[in-house]
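Enquirer: As you go down the protein sequences, you meet chains A and B in turn. 57 is the number that the working numbering gives to position 57 of the first sequence; each next residue is one higher, with no gaps. 49 is the number that the working numbering gives to position 49 of the second sequence; each next residue is one higher, with no gaps.
One should not assume that every hint holds.
Claimed, not checked - Examples of chain A residues lying across from chain B (beta carbon under 10 angstroms, computed):
| no. | residue |
| --- | --- |
| 1 | W24 |
| 2 | F27 |
| 3 | H29 |
| 4 | Y46 |
| 5 | I81 |
| 6 | D83 |
| 7 | R218 |
| 8 | A219 |
| 9 | Q221 |
| 10 | I222 |
| 11 | R224 |
| 12 | K226 |
What the hints assert, rightly or not - Computed list of lysine to any residue pairs in SDA-like fashion (alpha-carbon distance at most 25 angstroms, straight line):
| no. | chain 1 | residue 1 | chain 2 | residue 2 |
| --- | --- | --- | --- | --- |
| 13 | A | K35 | B | H3 |
| 14 | A | K226 | B | T9 |
| 15 | B | K507 | B | S486 |
What the hints contain is simulated information worked out from the structure, not anything from laboratory work. Predicted model, so just to flag it, every value in this text is computed and none were measured. Just so it is clear, CB atoms sit at the ideal spot from N, CA and C, and this is done for glycine as well.
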Amino acid sequence: MDMHQIIFGVYPYIALVTFILGSWIRFDHEQYTWKSDSSQLLSKTYMRFASNVFHIGILGIFFGHLVGMLTPHSVFLAMGISDAAHQGIAIFAGGIFGLMVILGGVILWLRRLFNKRVRAASRWMDINILGWLILTACVGFSTIFWSVGHAEHKDFTVMIRLTEYVQSVVMLQANPELIRNIDPVYKLHMFFGLSVFLFFPFTRLVHIWSAPIGYLFRAYQIVRAKRV
Amino acid sequence: MSHFLDRLTYFTHPKESFSDGHGVKTIEDRQWEDSYRNRWRHDKVVRSTHGVNCTGGCSWKIFVKNGLVSFEMQQTDYPRTRDDMPNHEPRGCQRGASFSWYLYSPHRIKHPMIRGRLLDLYRAEKKSGKDPVEAWAAIQADTAKRDKYVKVRGLGGFVRTSWDEVLEITAAANIHTIQKWGPDRIYGFSPIPAMSMISYAAGSRYLSLIGAACGSFYDWYCDLPIGSPQTWGEQTDVPESADWYNSTYIIIAGANLPMTRTPDAHFAIETRYKGTKIVSMSPDYAEFCKFADLWMPIRQGTDSAAFMAMAHVALKEFYIQKQDPYFQEYARKYTDLPMQVMLRPHDNGYVSDRNLRASDFSGNLNESNNPEWKTIGFDESSGQFVAPNGSIGFRWGEEGKWNLLERSAGTDTHLELTAQGKAGTEVVSVGFPHFAHGEPDLLFRNVPARRVKLADGSEALVASVFDLLVSQYGVDRGLGGPNVASSYDDASCAYTPAWAEKVTGVKRADIERTGREFADNASKTKGKSMVIMGAAINHWYHHDQSYRSIMNLLHLCGCVGQSGGGWAHYVGQEKLRPQAGWAPIAFGLDWHRPPRHQNSTSYWYFHTDQWRYETVKPDQLLSPAGKGRNKGYSLADYNVVSTRLGWLPSNPHFNKNPLELATDAAKAGATDEASVAQYVAGQLKSGALDMAFADPDNPINWPRNLIVWRGNLIGTSAKGHEYFLKHLLGAQNGVLQEGGVGNDCKEVNWIDEAPAGKLDLMVDINFRLNSTGAYADIILPTATWYEKHDLNTTDMHPFIHPLAEAVSPGWESKSDWQIFKALAKKFSSLAGKHLGVRKDVVSLPMQHDSPFELAQPFGEVKDWKRGDCDPIPGKTMPIIKVVERDYAQTYSKFIGLGPLMTKIGNNIKGIDWNTEQEYKELASLNRTVTEPGVSFGMPSLEEDIAVCDSVMRMAPETNGEVAHKSWTALSKKTGLDHHHLYEGRHEDKITFRDIQAQPRKIITAPTWSGIESEKVSYTAGYTNIHEHIPFRTLTGRAHFYQDHEWMLDFGEGFCCFRPPVDMQEHKKVPASVTSGPHLVLSWITPHSKWGIHSSYQDNLRMLNLFRGGPYFWISEEDAKSVGIADNDWVEAVNANGATVARAVVSQRVPRGMALMYHAQEKNVNVPGSPTTGKRGGILNSVTRVVVKPTHMIGGYAQLSYSFNYYGPVGSNRDEVVVVRKIADQDVDWLERPLTPAREAQRNPVGIGTK
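With the sequences and hints as input, model every part of the structure.
Expert: Have a look at this one:
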């Protein structure tokens, strides 16, 4: 087993198991830490702009990756979305959302570092995870230059291999060989991205699990009965 | 218990919807709600309270969770007041509610600590084979070694050590001091026992048993309203706050009720709902002003002028224009107004002299007992001078006539108030001392007088106090002559409303109307007019005049002693209700009598060398009307005279160890107490022996050991803080001048080089590290108010309730009782070898409420040192007592209730009773001492609760049987039956467990002048008026007139207006301060909203509420004039030192004053002062205490010393400072290591050692 296999064959499962089990354990044992740790009360400067840009960007990126990577190739074709269109959308949408993440993220990160009140309330991990997300986004954004190159040559194999690889991981049949020969920048981005899952339960990112989507659909009045 | 798995039952959730699907019922997990419930969930609730020096006496619930105090809440279970009145509960304030933070705060002292350098020295000495006492002696004998730890006081350097080691060092220091210098060189200071009386008693019992002196606090804090002992012979007695509700007209002067009497303020507001008018007097727009119907913005320090003018109106309209029958009767029966005063020729007229006495008449008016002490009135029915019942001569040496019935020699009398227009009278011109700036110092006015033939055949002119008083107030009553008011608008005549407007700045119409309304209301309601007064008018040098001016108004209106009327003074006054049961334990009276007591103001005035800087010269204060035999004396001289005449105590007593004095006396053949006293008198007369205060800077007279517990002596309680640092402690200090102006004393020896570092050892016992701890050598951790058993009473409500151990004392701390018990044990183990059994000569002043208050008749000052008389102990000099101390038995005595309780019994305020029954009960209630020693088999005082129960069992307030015995004793004295006062509670016995369950109302006792009853609220003077028990004064009545020679010397025979004294400290500040923009402001230090009484301002919760550090307030206009903006750093400087704080710029404050809240400490956010170069200082860095000779009088009826009752007050409000802005970049936090150069620079640059 070489390094490539360890990173793309074993590491994803370490990251995902940590992500799921870690989140569960934290949710069960440390309920009071299950929160977004918002610093909005400490300082509102740039907050409205940066936080919104960042969050819209990262939600776009998240759902883009989710749909783009996990939808089987055949489904795309059946929906009439050609590989060229797929890659086009990925480059275009990913580029915009990625830029938003970087822009919003950097402002938030600088605020976190240099705003005295926010800095005083920041833990080591708060500073790190935001930096890590920005780095991941930067590397992800830089893949566009390669992807654009591929697209110009009508060569979609890298994209197809990447989605197949991701699907293989999700299907618990990780096949790192699919991506052994792709450009290192993709591998770097994937490594950063996988690591986010690894760090996830130890950071404020857990608030993602508790996104209050239910509020969109809840009844006006909820009566919570006492459990007997 | 899983949060996650519980949620995976989504499909099995029954879901009912209602209201067309707008509502839904679910059974989802609700465990999260428990986090909110748990916040308030607790394991137990314990009743306790707080006490920095809080008068609130609020009972609190202390909630304990997992062995830690989690929060506190007000108790609401006080017994009710009456059906027609609001109740006392709930009590408590935001400060008290924040105390639980303090238990676990960074300020908390957790372990015994000692100055590291001292510990090194001590251990080195011990290692060389010395025993503890020898080791301590070796350190003290070597100046270099001593300096090593003395000079770094206040600069940190504490290390942790064991209880065993610190107690050993403390005990060794005490023993060495007793041996080498004398027990009276050890001093203990702890304030106001009522808030935690057992903790107070712990230290005072230990100190009293070893012969050390305990210092007073009430006078030192300037909370003692000395007008009260002068007028009533009563330290202080005031109504409970509920009685405000019974009033129908209230003037509030200088007491900020909602802010500093938070739990009681509701009564003042509630009484307005039934129509009571409230008038407020305050220079600033203080919080209480907004609850008033009228705010009189009065110039600070001029209160007496306003009240004199109000009384001028009352006198004119209710005594002269018409004679109000209620007022007339009250004045005749309960005041000295009908008493006759002799007139002494002066210039072309007369001045008032002493009261006429029975002894002035031939045959003493048939009064054989104490005729010199029986004052005289003129009986209208017989047309004769008579000696009416109740004067002090009837109090001692006979029984049955010490009462206020209108009788004399068994016959009914009707005393005459005024002689005006009566047959056989004439009108003479009498001079009245006057002190207003720019006005004559003697105002002559016409007074009706009678001629009387004296025993020696000569003739004298006498006038009634009333006739003199009317003239003193400048009221025109048709006798003509100068200096009487043509109208209220006559601004040229002192004490008219127009004149008062000139002095006080208050509109004349307001003064006139208030005076009239106050009197009119009192006339209609029979005395339900009240004045609530406080620190703001009490902390002035001449506050006695402010207070007497109020008391005069109240007495003229018949208000004192009436429910809803009278004075209500609330300044740190606290009521130690079970005082009679407490005192024997607190001062070791069960083993030795008497204990050593000291009035602290004199003590610190001398021992911190503030007298060396004295700018106030008594000659400027004297009146031309006095005899002035002490002209040219300094304030310190007056104090020395006072101690040698047996008026005020002095510790050390003499310039000799009292143990050696006893040995020398024995060698000279003095075998018993009387011959020892003779020996001492002889030594004094020959000059071989002298009073210690006559040479306070001589090392033999220095205080050597100081133990402070429950207080902050060196910080917020140190008027002249920087002088404490410089001379007493030898620490880095900010005194900006050299002593020298005090170098004109006649009675005090001047040593050119002032001592620095008089104390060998200072021990601080506390739970918080404050300025006192910072300057101490040893800090001992004590239990907080939630960690010990103790008792709490107050005068604001009539209940007794406990402090209790809700959690065991944190870290290594112990309760004060256990600390001193352990110290006593250590002391005993070392004392046997070094001290053994010794005789100790104790010098005692002539005490109030004892027969010695009749020591010096007529108020004449006879100084044996000047040859006026011989030194006779107990007559012309202090009483000399001999006490035998078996030092090795100190511990055994500490833990057992001693035999004198059955041999001599107990007493309070001149009433005696036996305690045999209570002694027996305590032996079974608390069990007996089982450790071998002198106390074996005696009632145990080992545990804190046992001590609480011993106090309550022996006090009339908490044991009906004792109430019975004490009232029986008093009934015998007065000849009247007072037993009905406690009827129904004869069988009550209140124990600690009872008050743990619920606060208990106390039982009416003769200790106090009010009663507990279902019909009236507690109010001061009630039994004097309604039971005819005399005031404990010369005449037995409330005094308008003071006839002591020194009173007359200082022109204070009658109350008068005296402007604030000029301390001149602000004129001696460095040019660097005055060269830039600056303000000259009077320095006002009132109580704080955010941390006084029940918590401390350095409590994080309190700091969060305001500026987070020191601050003082100035007015908008003043600030603008020198470019100070809100929150700027500012410095207040005068010759005493400097303090740095942030400016609070507010329209609430008038021009001309800086207002720094009291008790702001040096420990949070205090930078260095650019002027002194030392840590920025505290509110007391710019103050210096100045003593008043009239407060030193003794041996004369109500003007006799008693602990916390009489003695100079530590006034601090007359001070003026220079204020300037400090730029932010000039703020120096002094965060540098201690270098030898810095260590050597103890005084500010350029200031030497004098």
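Enquirer: It remains to establish, for every hint, whether it holds in the given structure.
Expert: Now the hints, each set against the structure:
Residue-level restraint check for W24(A) holds (minimum Cβ-Cβ distance to chain B is 5 angstroms; threshold 10 angstroms). At a threshold of 10 angstroms, the smallest CB-CB gap from F27(A) to chain B is about 5 angstroms, leaving the interface hint in force. The criterion of a C-beta within 10 angstroms of any C-beta in chain B is met by H29(A), whose closest approach is roughly 9 angstroms, and the hint holds. Checking Y46(A) against chain B by beta carbon gives a least distance of about 27 angstroms; that is not within 10 angstroms, so the hint is violated.
Hint status for I81(A) relative to chain B: violated, with the closest Cβ pair at about 34 angstroms, above 10 angstroms. Taking 10 angstroms as the C-beta cut-off, the interface hint given for D83(A) is violated, the closest approach to chain B being about 39 angstroms. For the restraint placing R218(A) at the interface with chain B, the shortest Cβ-Cβ distance is roughly 8 angstroms, inside the 10 angstroms limit, so the hint holds. The closest approach between the C-beta of A219(A) and any C-beta of chain B is roughly 4 angstroms, which is under the 10 angstroms cut-off, so the hint is satisfied.
Hint on Q221(A) holds. Least Cβ distance to chain B is approximately 4 angstroms, under the 10 angstroms limit. With a least beta-carbon distance of about 6 angstroms to chain B, the hint placing I222(A) at the interface is held under the 10 angstroms criterion. The restraint placing R224(A) at the interface with chain B holds, with a minimum CB-CB distance near 6 angstroms, inside the 10 angstroms limit. Annotation: K226(A) was flagged as interfacial toward chain B, and the flag holds, the nearest CB pair being 7 angstroms apart, inside 10 angstroms.
The suggested pairing of K35(A) with H3(B) holds, with an alpha-carbon distance near 15 angstroms, which does not exceed 25 angstroms. A C-alpha spacing of about 16 angstroms is found between K226(A) and T9(B), which places the hinted pair at or below 25 angstroms, so the restraint holds. As the CA atoms of K507(B) and S486(B) are separated by approximately 19 angstroms, the hinted pair is consistent with the 25 angstroms bound.
Hint check: violations occur at hints 4, 5, 6; the rest are consistent with the structure.
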